[in-house]
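Protein chains: 2
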Amino acid sequence: MLEGLVQHDFPLNLQHVLARMRSQFGDSEVVTLTADGTTRARYAEVCGRIDRLAGALTSLGVEQGDRVATFGWNSQRHLELYYAIPCMGAVLHTLNIRLFADQLTYIANHAKDKLVFVDDVLVPVLEKVAPTFETVEKFVVMGGGDCGELPNVIRYEELIADQPANFDWPELEDNQAAGLAYTSGTTGNPKGVLYSHRSQLLHAFGTCLADAMGLTAADRVLPVVPMFHVNAWGIPYAAGLIGSDLIMPMQFLQAEPLAKLIEEEKVTVAAGVPTVWLDLLNYVDEHKPDLSSIRTVVGGGSAVPLSLMQAFQERHGIRITQAWGMTEMSPLGTVARPPAGLSEDEQWRYRDTAGRIMPLVEARLVTGDGSEAPWDGETTGELEVRGPWIASDYYEDPSARDKFHDGWLRTGDIASIDSRGFVKISDRAKDVIKSGGEWISSVELEVELMAHPDVAEAAVIARPDERWQERPLACVVRKAGSSVSADDLIEHLRPRVAKWWLPDEISFIDEVPKTSVGKFDKKVLRKRLQEGNLESETVSQPA
Amino acid sequence: MLEGLVQHDFPLNLQHVLARMRSQFGDSEVVTLTADGTTRARYAEVCGRIDRLAGALTSLGVEQGDRVATFGWNSQRHLELYYAIPCMGAVLHTLNIRLFADQLTYIANHAKDKLVFVDDVLVPVLEKVAPTFETVEKFVVMGGGDCGELPNVIRYEELIADQPANFDWPELEDNQAAGLAYTSGTTGNPKGVLYSHRSQLLHAFGTCLADAMGLTAADRVLPVVPMFHVNAWGIPYAAGLIGSDLIMPMQFLQAEPLAKLIEEEKVTVAAGVPTVWLDLLNYVDEHKPDLSSIRTVVGGGSAVPLSLMQAFQERHGIRITQAWGMTEMSPLGTVARPPAGLSEDEQWRYRDTAGRIMPLVEARLVTGDGSEAPWDGETTGELEVRGPWIASDYYEDPSARDKFHDGWLRTGDIASIDSRGFVKISDRAKDVIKSGGEWISSVELEVELMAHPDVAEAAVIARPDERWQERPLACVVRKAGSSVSADDLIEHLRPRVAKWWLPDEISFIDEVPKTSVGKFDKKVLRKRLQEGNLESETVSQPA
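Quick mapping for you: the protein sequence lines, in order, are chains A and B. All residue numbers for the first sequence refer to the numbering used here, where the first residue is 1 and numbers rise by one. All residue numbers for the second sequence refer to the numbering used here, where the first residue is 1 and numbers rise by one.
Treat the hints with care, as some may be off.
Any copy, or any two copies together, can satisfy a pair, since identical chains are not distinguished.
[As the list claims (entries may be wrong)] No farther apart than 25 Å at their CA atoms in a straight line, the calculated lysine to aspartate or glutamate pairs in the DMTMM-like style are these:
1) Lys-499 x Asp-465
2) Lys-266 x Asp-345
3) Lys-266 x Glu-346
4) Lys-403 x Asp-9
5) Lys-112 x Glu-3
6) Lys-514 x Asp-454
7) Lys-266 x Glu-344
8) Lys-403 x Glu-3
9) Lys-479 x Glu-448
10) Lys-523 x Glu-256
11) Lys-499 x Asp-36
12) Lys-128 x Asp-102
If you are wondering where the hints come from, they were derived from the structure by calculation, not from laboratory data.
Isolated chain A, as found in the complex (with noise of 0.2 Å):
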């Protein structure tokens, strides 16, 4: 085999990331929200403070290989432990601030963590499962807030006071691991996602791509997508990869501190999940803050309604661009960009999709017979992925082995693919209803139902049938002040939906349980209704 002459071994970490910070990136800026208004660090100022920082954990021995664990909302010392702790060899593990207390003992146990890193407004949060932590060694406090009970406490800002200027950065392997986070499964426990610095530097990459997010040197990113889910998307390490500022929100993620954070700070790309966006739609239609500064913004973690997106766009000027990932993709796999040359309805058709497989990426649809579904944007069937930065195995935790085969990580997304690429989701894997041997999408149902104007959120699960193993019943919460009837909302789906999808029973709910990342939490609702307390209403003949 005859190789190429060029620099095979130029080390592809975060280092490198954050030498760029320093080098060139010295002017961007971390701009963070508190109580009292923002603080505010230029790049080159973090950067000091990420050397003092990683020869703290140093003097607490923290070793290569260690996981030190954070538990905090997006800040600048969050952003710094997202560098100082990888660049040094340690782990980085983002702990989930909204996970149960038993989630977050058994995931801290699981990954052994050494030390956690804590908001001081979520000391009340952490205090409480804090002794069940066996592993920790010391909890670490941002802010000057109230230490509460935490055993073997210390202060970020005492801890770094007083280490040298410089750190003397050690040698890193490409695939050595620098973070480590889980994924909040409904079923089992949680499972470790385990990145590699060599993942984090191509996804960042990949997320700068102008077919992605598009990130420049000349962005202001408001990641509201929180640093402790997946890593922000990505963002803290491409914008240092590319030099954009950062603004982070803390914990203000209701509408309107973001509507005037956006409007301060002249934010030109925010990112986050679709109920972020409902509110701060509502906000805005009310309020007219000028948000004229915003380029895109990137929409996931859920589908993103098209009428959500339609209506920002149509009223405020704001582009929503849909992308869909998973933590096993550190997350990015699509990012939903139509193609050129079309009306504004086609466009529609296309943004209304998870989006177009990013380059680096690789998908397939497998069947149930196992054999490869055609990308014909209508054969469906569970969507399999794989590429540099997606997961091939959980973190010690054999049991969860058949998610992955051949290389090939299973999503447990039920989707369909077309000739360009672009992926859309009909359902999760395990929320599709089978029904007389065919599937009917839970998701799709609920897309129509939740574009009538008297529903506020609908869930649809499976309901046993004898006849057809299952029959859809929608759990529908009604708008404030509606009586919006089931036979209404059979009649609004009719033209909308194949005839024998239309569900045969409707239950009226005061409001659809959520996971804690905010997902319709469906296993809720099936165990109320296996336990007889999901009232319904049977329609007038549907089918």
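Given chain A, work out where chain B should sit, using these hints.
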């Protein structure tokens, strides 16, 4: 060491790009300009022809690692060769059609090319030198034109006609050689740069960064830069990776056909050397074609004059973005996108540099005493670079090893870097004028001279001087009809450069000699000076 559990063995090779062209960009288009109009093919069809071409190459005995040369303009067939050759494991060797015969002989024999693919319109250029190619077994003519005196000729279309529709692509290694290009150095023999699959893929990825060329699936890209010149700056692979349409100009690189091509094909991104844009500017000024589809023009190969960029932007709303690189760098190293929040004037200051250092590229400045120069925007040193797409050696040429040390490539450029990572190249190391222990930049003098309305071209070389060691001699081409004097030019320069930089002598010449790739060939001027064939006027006491 704890290793990340992501797919580190995901193949980073050009087959991934080919797979994307086939699976999701089948609709993207390749347009090739011909004498009679254009030919068009969708990527789907192109991929089918790539399969058949790979089969044909195999039938001709091409094996992994074999060098297969091309001698052609930018066209669909050349694109097919760009993919078929490396994706079957052979090495695409792009011969520079503008080289002198003895250089071509040296290169083809040094590379041990097995086949040469040649455009029919280039047969007259190749046929004279073809008999000196010792290892070439067959010449494959692209197009239906005359095959001249070429030995062992077959025709491209006949070659692929009977091949099977599907090729069984082999597994490749990431570091396997994919491409070979020789630098047209002005001293010594040409030197080969051997690219790997991984380097070509990562470079294509980098090209699509929003802060680099920013190619997207919605773009229609016109590479005016030839495919025989450093891989057309990576555009053929970047377009395949991200799905851009390609508009191929063949030999029609004059302003009129280019302007028509841009207008008719609605080109959005074009890339080429400054002389192309200078000619186009003159044409556009006069004929006012509609070039409003253009989003970005990328200029590189040599410094793009500020006046040219400003004229295009002010008179025609077309933005030229400067980039810099070398054959040894795949070639992209810097792109001049200005930082945010600057006035128009300040932006021009940044846009008038080689650009900002790209992700995955590292740079440093090494001064005469071997120390590193600070990034202060003033101190100069020889620019050195390294990265995963930057050469670490030349192909089978141990004599040139001194161009590399400790993994760094010595670019031979004298440059400064500012605190934001913008590189300003002041001169080629060998062109800098060493006067009284200080350096005078020949390039800066040329730029200032060419800013004079009566100057068409200017090249500044060193004239031996007893007292100062070297002094600048300006060789100036007057614009037609102008009779600007040496003293006029000195007065023009006086407020623009340091006093001791002012040339003592000016030589009015008819034309600046050019190298095969259109760069000023100062070697020729130096030789004329040495032989006493360069008449010059001494100017009134300059200093």
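Status of the hints after comparison with the structure:
| no. | hint | in the structure |
| --- | --- | --- |
| 1 | Lys-499 x Asp-465 | within (17 Å within a copy, 94 Å between copies) |
| 2 | Lys-266 x Asp-345 | between (30 Å within a copy, 22 Å between copies) |
| 3 | Lys-266 x Glu-346 | between (31 Å within a copy, 20 Å between copies) |
| 4 | Lys-403 x Asp-9 | between (32 Å within a copy, 18 Å between copies) |
| 5 | Lys-112 x Glu-3 | between (42 Å within a copy, 16 Å between copies) |
| 6 | Lys-514 x Asp-454 | within (21 Å within a copy, 74 Å between copies) |
| 7 | Lys-266 x Glu-344 | between (28 Å within a copy, 19 Å between copies) |
| 8 | Lys-403 x Glu-3 | between (35 Å within a copy, 19 Å between copies) |
| 9 | Lys-479 x Glu-448 | within (15 Å within a copy, 70 Å between copies) |
| 10 | Lys-523 x Glu-256 | neither (32 Å within a copy, 67 Å between copies) |
| 11 | Lys-499 x Asp-36 | neither (56 Å within a copy, 56 Å between copies) |
| 12 | Lys-128 x Asp-102 | within (11 Å within a copy, 80 Å between copies) |
Of the numbered hints listed earlier, those contradicted by the structure are 10 and 11.
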